[in-house]
Amino acid sequence: MKDFSHKIVQQGPGTQSMFEDETLETVWDIAEMGFTPTLAEIVKRVGDEARVRAVSLAGFIAIAGERVSLTPAGARRARDVVRRHRLAERLFADILDIKDYEADACHFEHVISPAVEEAICTLLGHPPLCPHGKPIPKGACCELYTRKLAPLVRSLADAEVGAMLRVTFITSPALQRLASLGLVPGATLRLQQKLPAFVVAIGETTVAIDRDVASGIFVRRM
Amino acid sequence: MEMHAGAPAGKSAEERVALVGTPNVGKSVLFGLLTGTYATVSNYPGTTVEITRGNAAVHGRRLVCIDTPGINSIVPMSEDEQVTRDILLAERPVTVVQVGDSKNLARALFITLQLAEMQLPLILDLNMEDEARDRGILIDTRALGRALGIEVISSVAPERKGLGELRRALASRTAAVPSAAVRYHDVIEDYAGRIAALLPPAAGPARALALMALSRDETLGPRLRCALDAAAVEQIERLRGECERAFVRPVAAAIHETRLRKANELADAATARVAASPYPIMQSLGAACMHPVWGACMLAAVLLGLYGFVGALGAGVLVDVAEDAVFGGYVNPFCTRAVEMLVPTEFLRDMLVGRYGVITMALTYALAIILPITATFFLAFGVLEDTGYLPRLAVMADRFFRLMGLSGKAVLPMVLGLGCGTMAVMTTRVLETRRDRLIATFLLALAVPCAAQLGVIMGMLGGLSLTAFAIWIGCLGAVLLLAGRLAAAIVPGERSGFIMEIPPFRLPSIKNVLLKTGHRVVWYLREAAPLFVYGTLVLFLLDKAGLLERLKEVCAPVITGFLGLPREATAAFLVGFLRRDYGAAGLHALRDQGMLDPVQTMVSLLTLTLFVPCLAHFLMMIKERGFRPAVLMFVLIAVLAVAAGGVLNLALRALAIPLG
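Line by line, the protein sequences are chains A and R.
When we follow my numbering, the leftmost residue of the first sequence carries the number 1, and every step to the right adds one.
When we follow my numbering, the leftmost residue of the second sequence carries the number 1, and every step to the right adds one.
Just chain R, with the same shape it has in the complex (with noise of 0.2 angstroms):
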């Protein structure tokens, strides 16, 4: 067997590809081109870092390909790069096809090297030649082809060109291991030598493998303790400190900065660098992003253009056409008659199109409201995705999450929250620290609504007036603030330091945009429209064994008491944890009917929207946190959000303040 478990067994048959290259370097648009549509993707076994597989047919080849994490080193500083160095090592891919920046030509080469010593049958694809040539860089692939020792092939991925040379490519049987070899210092080499020595054939190539441990590779010893005994092991590690103590130098820094050294040699030489025709328009656009001022207004901008295309068409327009027009003028009474006909027991009809059924309410929800309010914000985040604008966010939230111990980067999940939490959890993979994870994850859960329920919220607080908006918002920010301070406060460790690459500026792929948009709508509701119908179904039976008026008694004096808001409202939070925007939908119900005053409906709103997340969240904060965090966290929020209510009550009654 092979060092890591992470090689599906008995697939041994199956001719593997593995695509890798730096971050935003075109690797997922060239998955998608060799593969088609049908991709799998997957958790990489005892990881959360997911994989895309799919098959690819070359020439008659069949060949399966793997689309992995972006890296910008083989030694590991992220669980993203572990995982694809762990895919290069266990799982023997017949070939690698490094996908490079033409722009960057010493960053992709400097991978290459690595790659190299790993002895991996490579092709080397340098895609974005177009906006290289741009910049005036052009790249003699033949000359570095020779270089290298393998082939070297120029693209445009979103153009399709290159791709019928890498097709070819990929058809012949032999890709080539690179030639080319960093020298280093023979202090080095002597060592890597004696632990290459010690290392056994299958554990891999043993050099790569030698200069691994001697850039202290953490990740690297249980791979080693997998395949060595215990006495090699400490051999090995003997050797290192050895190593450490000859050099002087850090010789982790000695071994990256031959290994750069030679990416630039390699680099310059098959460069040539001619007038630079930029697009003058979309840098300077790029650079404004994150200007102190421009920036703020540009970041204006895009949140007016969010509300509009988002709240307003989204939420607004289609939002009423779907739920009025086509579900409360067809489908539903279509349905409702359909299974007054057909279902004899009474039970059976409430089920499905009752007050809590299945059709009326559940699929009403998830196809009325919360599909056409998910579907213009996933696009409308494609749309910032690819233009490069989130990380240019990242640079002007910085100093604003700075208060909350974390770093600008920790903006992306929070947008991404804005669309979907669940989701969003998931994206706090980008944060370095498990510390940074944690707080985010807090914030996420705490204090950031979902598209869904921002629809719904806007929509009540749009019947109020300007000022009840302000206090919402406001109240959300201070909360938002004192809870990111609390926990950066309580939650051990250091901040991390803000290290962000920004992406060049571009117009964005209109087919990326949709095919990206397309998948996480299908994402969405897979992931939701069950959820729906299962706490449809629980609240269902709550009501029918009348379980819901006794939580109802029994929440009566938080709900009527401190929050000053009628029994009723007991309902949509408990529905709230089924889905977020599914409670404050319910909250919208009830203020229609008229049973709630402004006060009461600014309480209830606050109160939901810091309220405990929903279930599928929760859930995926269990997957993503650990079980103990998630629980802790849950309570806690459950916990403000009532005191937050609590005290926004007290003071909007003391003080009336007119709401409208």
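One chain only, chain A, in its complex shape (with noise of 0.2 angstroms):
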């Protein structure tokens, strides 16, 4: 089980926002693993208890004895803190290729809105599991791509032919020579061949292009 507890010792007493979306992760988890919250092991884990208490106050959790349990605004809540979390880790380990990733998708999870929310999801292709194989909570902008479980921003040159594809950024050098053929970040793209060479429409003009630039061109489905 992971250790939650370093985090607490950064939190000032102004983020009594924070400490709740802790405490309901927290209780998250440990449901979430089959296990029967109690409040000796939040208070082990987040390590206040009068804190926890106050969570309870202001109507996230109940506390009933030594069961905690969630109240239907605390799931809402703790399931969007729990998503963000899951998402913020798959974006630094699978795209930002970061090792130490989980303080700072500790961090990342308080801070970011639901539009970047948002974004992520549908950078990262809506995943449905965090690295370390729990379920991400779907959000809104994933119902509508159940049956897309691909991952959304990938390279050109794996794409599949007669996708159409919008161009999220080119890592090419030849930067320049694609831009003046209309190949830049946004445009809109059919991949019409792979073999021999790449060849992709965009608009009226097509363009060919081998695959070390095509790996370079980095799409997402439309």
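What the hints contain is simulated information worked out from the structure, not anything from laboratory work.
Remember, predicted model here, so these are calculated numbers, not experimental data.
Heads up, the beta-carbon is just placed ideally off N, CA and C, and yes, glycines get one too.
Every beta carbon over 10 angstroms from chain A, so not counted as near; a handful from chain R, in silico: (1) Gly311; (2) Asp320; (3) Val513; (4) Ile657.
With a straight-line Cα cutoff of 25 angstroms, these simulated DMTMM-like cross-link-like pairs (lysine to aspartate or glutamate) come out: (5) R:Lys161 with A:Glu204; (6) A:Lys194 with R:Glu385; (7) A:Lys194 with R:Glu432.
With the hints in hand, could you dock these two chains into one complex?
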């Protein structure tokens, strides 16, 4: 089981909202693993019984003796926090290629807005699981894409022939030459063939490129 | 004086009209329609880029039309684009006619917006209106004209549609400067303004230049240094760096994107889309040419057609008629008799109609052998070019050329090299990097036989067997690959990525193909015929002075010893330098005299195919690549050719393969 105690140390008195997030996340975590959340366990992990009780007073958790459970409002909020945390983990692990991402993910979950959360989720292709294999609660954006589990952003070299794609970013050193042919971030293209060379249509312009150039163009399905 | 030396002095009175636009939009066809047939082609000062100028009279107004190289952006990415930009800045045309592709309005407008920034009086001609209509794209030229603040014309150049309107627009003295402008991010606008304030009015359109500087346009440096003192240039460079930091994102990319967005907005507002009625056959045919399987079949069909048309018809039937019937039957006997009657000295008689005679050798080769072959080749090449097949061939060939450290683009000069290597060296300019151009030039000179030479070689190989042909092709391929790999390893730099626009697959316009073929044949005769004469004269003098015999003796150890060829073959290699095909024809004669056995035929053919390029080709290499690289290649090629021939000689003798 993960140790979240280090988080509390960094928090000052003005971060009640963050503390609430952490508490709710902990309750969700324990329940998700099939255990019954107890007050002792939660206090052990988040560190301050008085503040945990304050979360209860705010109406997010219900404390019945030793048993702690999420209220409907608390469950909604916990779900969002967990979702943001796990999306952040995926973002740091997969896209940014950061090894020690845990602490950053813990900060990140508190600060991103719903719009950013959705954008990250879409960027990652609405991933179903976090790097530890735990499910990522679905957001509104995911419902639209439940059948498309493939990552949305990937290199053109891995796209399917015939797909309509939108260019998200270009890492190829031939950026300028591509741009002059209309291949810029935001452009819509259709992949016509991959062999013997890649051929894409951007509007009425057809451009042939080799695999090296194609692997430096990142696209998402439309 | 203006900033660039390119502005011809003393011609300020003439009114110039510049045609600009993206490649493959029919600029040159429009140029031809405006100017008629007379045009002069010249290199732009200090560059290898060729510019065509021609006179046009529109409703009594005399104009000098300049056909500029195709551009994708005013911020130059290639020498061609730089020349176009320099023409616009330095030559101050009274009107710029931008030719755009109606199918691709946004891309045309992307350039329009840059021309607008340069404050150039502009007419926008949206060409290929028929192709756009077929795809269901209708453009409201009036609305677009209002949005841009200039006259917009739609045209179909090959059908002369819209030409009248364009001529009328050119006749009126007042082409408007576009009023449409792009508003960039505040930070960029701020710095553009500050840089513009540093530029003297004489330097040109300040805002446009400032934006070019912000776009990291390296080619602008010399221009700025020419117009400004060092402190101001430094100040601009400092402001550019500051803007870069203040803006966080790359400024060039942001400028590009903002322009593109504006172009897309303008295009969308002026475009209506209706149901398309495409030519599915042409489109599928175009796609088939790039298909891994069908493309290979198409390639085989094209090669077969090329062989039938150029090899069988050109090098076979037409050469037979011209050489045996026309020259052998009439011209040469007539000239010989005439010379014998009119010319008193034997020396001059020999010079004209002797063994190495100007008429009997040089003109016969040039007009009876070479002309039919090159004419048929250029005709076929013109058709392939106009259909849009060649870029598709580049797609097919990319992987093969990758093995030689090049990209598929190199297929264009290589295929043209099968027609004329000299012309092909010029087209290596389509390649992006110096490294690619260097390798392509080297391979062209080494292993790509030109049409005339190919015709003679095919004839000689045809007398042997299929095995002989396969061995020749195999050896050539192996040398090409080996030399390519070697060159790719030696020449510094990275292989540049393959990026190529594929134009729509079209039925070629017969008239345009014929016109192009005509130009090329004339060019060929002008370049080649004099060299034939000079070459023959040199040979004649060497022979008369007895030096030919001496040279044969000097080269004997290599020719007879290593290559196992008769001494007479030396002459073929020597003249091969004057014209490669000339050398091949020399071998042909030797073989007809029974002086070459099958192994010697093979060895001599391979060596000659690989051997040093002809004089014209070599001179072009010096012009395009520089003296030292060209000479280095020359030496390398001579060594490689002899080595390959020697190895083949030993191998064929050792293995005793029946050659027929």
